[in-house]
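Undergrad: Sequence order for the protein chains is A, B and C.
Heads up, the first sequence is in this note's numbering, so the first residue is 13 and it goes up one at a time.
Heads up, the second sequence is in this note's numbering, so the first residue is 2 and it goes up one at a time.
Heads up, the third sequence is in this note's numbering, so the first residue is -4 and it goes up one at a time.
A few of these clues could be false.
Derived lysine-lysine pairs resembling DSS-like cross-links, with alpha carbons at most 27 Å apart [to be verified]:
hint, chain 1, residue 1, chain 2, residue 2
1, A, K121, A, K212
2, A, K263, C, K(-2)
3, C, K86, A, K259
4, B, K258, A, K212
5, C, K128, C, K185
6, A, K14, C, K86
If you're looking for bench data, these hints aren't it; they were derived computationally from the structure.
The model shown is predicted, which means the values in this text are computed figures rather than measured ones.
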Amino acid sequence: MKLYWKYFAIHLKSQLQYKVSFLLMILGQFLSTFSAFIGLYFMMQRFHQVEGFSYQEVLLCFAVVSLAFSLAECFARGFDTFSTMIGNGEFDRILVRPRHEIFQVLASKIEFSRIGRLLQSLFILLVVIIKTPYLWCFDKGLTILLMILGGTVVFSALFLIYAGLCFFTTDGLEFINIFTDGGREFGRYPLSIYGDSILKFFTYIVPLALFQYYPLLYLTGRSNQPLYIFFPCLSGLFLFPAYLIWKTGLKRYQSTGS
Amino acid sequence: MKKYLTYFKIRLIRGLQYRVAAYAGMATQFAWGFMEIFAFSAFYRSNPSAFPMEFSALSSYIWLQQAFLALYMLWFLDMEILEQISSGNIAYEMIRPIALYPLWFLKNLSLRISKAILRCFPILLVTFFLPKPYGLALPSSLTTLLLFLASAALSLMVVVAFTMFVYIFSFYTLNSAGIRLVILSATELLTGAVIPLPFFPEKIRMILELLPFAAMQNIPFRIYSGNLMGPVIVQALLLQVFWAIVLIALGSWWLNKILRYIIIQGG
Amino acid sequence: MIKLEHIHKSFRVAKRKEGLGSAFRALFHREYQIIPALRDISFEIAAGEIVGYIGPNGSGKSTTIKIMSGILRPDSGNCLINGQIPWQNRKHYVGQIGVVFGQRSQLWWDVPVIDSFSLLQDIYDIPDKAYAKTLSELTATLDLAEIIQLPARQLSLGQRMRCEIAASLLHDPRILFLDEPTIGLDAVSKLAVREFIQKQNQEKGTTIILTTHDMQDIEALASRILLIGKGQILFDGRYADLKKQAKTGLSAEEMVAELYREYQI
């Protein structure tokens, strides 16, 4: 952990070297989230509700998902850009150092500019919470916190899967975007609006609904099932297949070198 | 002209070589399109009267958007050019007896067209056979189809002419990633890439429809799907021509100014 | 210290043909080709030796280095270094070796070199005392005192290479792999790097394996050379012996070019 903080400090120091560029990146991140927000705002203005979910409820969803995504992108960005790491031989360097590979890849990139997305989502979340008195209690607060953490874990696991697959092929990984960028884009609405089979897919295969839809049911009082509070923790199981793919890929890398 | 064709062919071959990439790209776009349509259909079910276009027209709009993603997405830029600008190797380009603006313009055209060609046909073909109203409908008449094609070509001009400004602005910063992200995320919404323009509130939409961003994917897709009809089409096409000319003129003037400055200053 | 026995390694490469037609066919079907990279490589290196590992491009030098540094597993054969198999228990093994890839940097581009070093201290878990001692030795011998406060992007290639080498030696490894350490350097820097390598070997007894295309590196440093071509060891012996065999009056470069021609590699 101490080592991670050291990496953290160096990253911060490097990124602050280019202040203009750094600020522009933050602004860009802010604007791209803002576009998504405006799109959502216009839709909700026009239709007032979607499948029974009100504007405030949809916003809650949007804020949690985009917060989780920005955290994952900030801290697990090393996996997201892993193909370049293999391409330029930086990964070989990692392999000749006496630390766990996953730790080193994780520490190799920390993207502070994601704060542009993060702060905006946090702001929206706070506004929704302030405007919605029924959220002001311990169990609902805990639910929101777990949702954010669970989401960060799922998105990070998706990045890890992406990185693991980079060992097998350098092209053709675009489809992971359906779940990462797609998860962010489509996760701004409760996943049930896409229909039953899609909800099942995002429950059992790629568990976005575990941190987004089910806890939301509890938050909004649609369900009294207190177990839903802890559903985001279940999504942590998703790390296992992700890790397995990574391990298999790494083994292959060590036998083919590409 | 021949050298552009050669360049185009090389691009196409390179694209074909990455076979897994081509399949994966198509799979992604199908999934993306379906998710978009499902989301809109949920809104449609919630309040059909508030829906500003025919649902089938919306489906066509989204499938065209997916099929021609490479043509109209603003963030699809030529990394080689950006690399040249940031590394300063642009000086070598200037030795060649070719004007830079048309060269870059054509490079971007061929980059976009070669990528779109590989992906659009399977998507168009499959979505055409999807059940109504979720699939791609045929255009209502031959005239509509022809107008769509004309407008699609004009859109591509406007898109490329606009992205030329992204390259131009890249000259002004050490690391162009930031400025690029700002320009592209600020404009994405205005093109109708996030939600189609008819879903915007009336007053905002009326202003937006005069901007160059509305002269991109917005017009051809809405012509095709029958959302734009009659004399409005002529107006829209004229708007596209107007913006294409203005952006190209301004862009080439600006780029030349920068290049002159570089020559005088020695980079 | 280092012992390789009958190491074999081959790679599978997709065939690519020319033209639009065949590119299109490749969408549906692709042929592969097995390329042998190493064929029955065996050698031993004793503690404290400097060995020059030479051969033309694509001869298998990097593959061997990658195997010895634990990045790659061979298809078959044994490799024992410091009593360990490099690709087993990687984390433990790599703590005892140092690797310099001359073509790529391990320094952080935008922060002072000393910050990179201090991060390495934590990565290798070097105790403060040992770190301070090694660092001051390296700073003195490599003449780093002034440049260590600058970010890597402001250093010249020669200055950077000196820092790279220091970075690989902070944890005082028993074995040092140098992959083209003098590539692209000017004459003064080359001499400085060579002198340092020699010193490190003589005073610390570090075992050094060095790949290079610069025959003067070999002439100055390596008492023993290994020549590899098409994945096989073609010559293993003293540099002086090689020189005796060759026609007199040839420079080191010409001699090796002659050798490559002779072995048809």
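Undergrad: Hint by hint, say whether it matches the structure.
TA: Structure-based check of all given hints:
1. With a C-alpha separation of about 34 Å, the suggested pair A/K121 and A/K212 falls outside the 27 Å cut-off, and the hint is violated.
2. Of the pairs offered as hints, the one joining A/K263 and C/K(-2) holds, with about 23 Å between alpha carbons and a cut-off of 27 Å not exceeded.
3. The straight-line distance between the Cα atoms of C/K86 and A/K259 is roughly 15 Å, inside the 27 Å bound, and the hint therefore holds.
4. Distance check on the hinted pair: B/K258 and A/K212 sit about 57 Å apart at the alpha-carbon level, beyond 27 Å; violated.
5. At most 27 Å may separate the alpha-carbon atoms for a hinted pair to count; C/K128 and C/K185 meet this at roughly 26 Å.
6. Taking the CA atoms of A/K14 and C/K86, the gap is about 18 Å. The hint holds against a cut of 27 Å.
Against the hints set out earlier in the document, violations occur for numbers 1 and 4.
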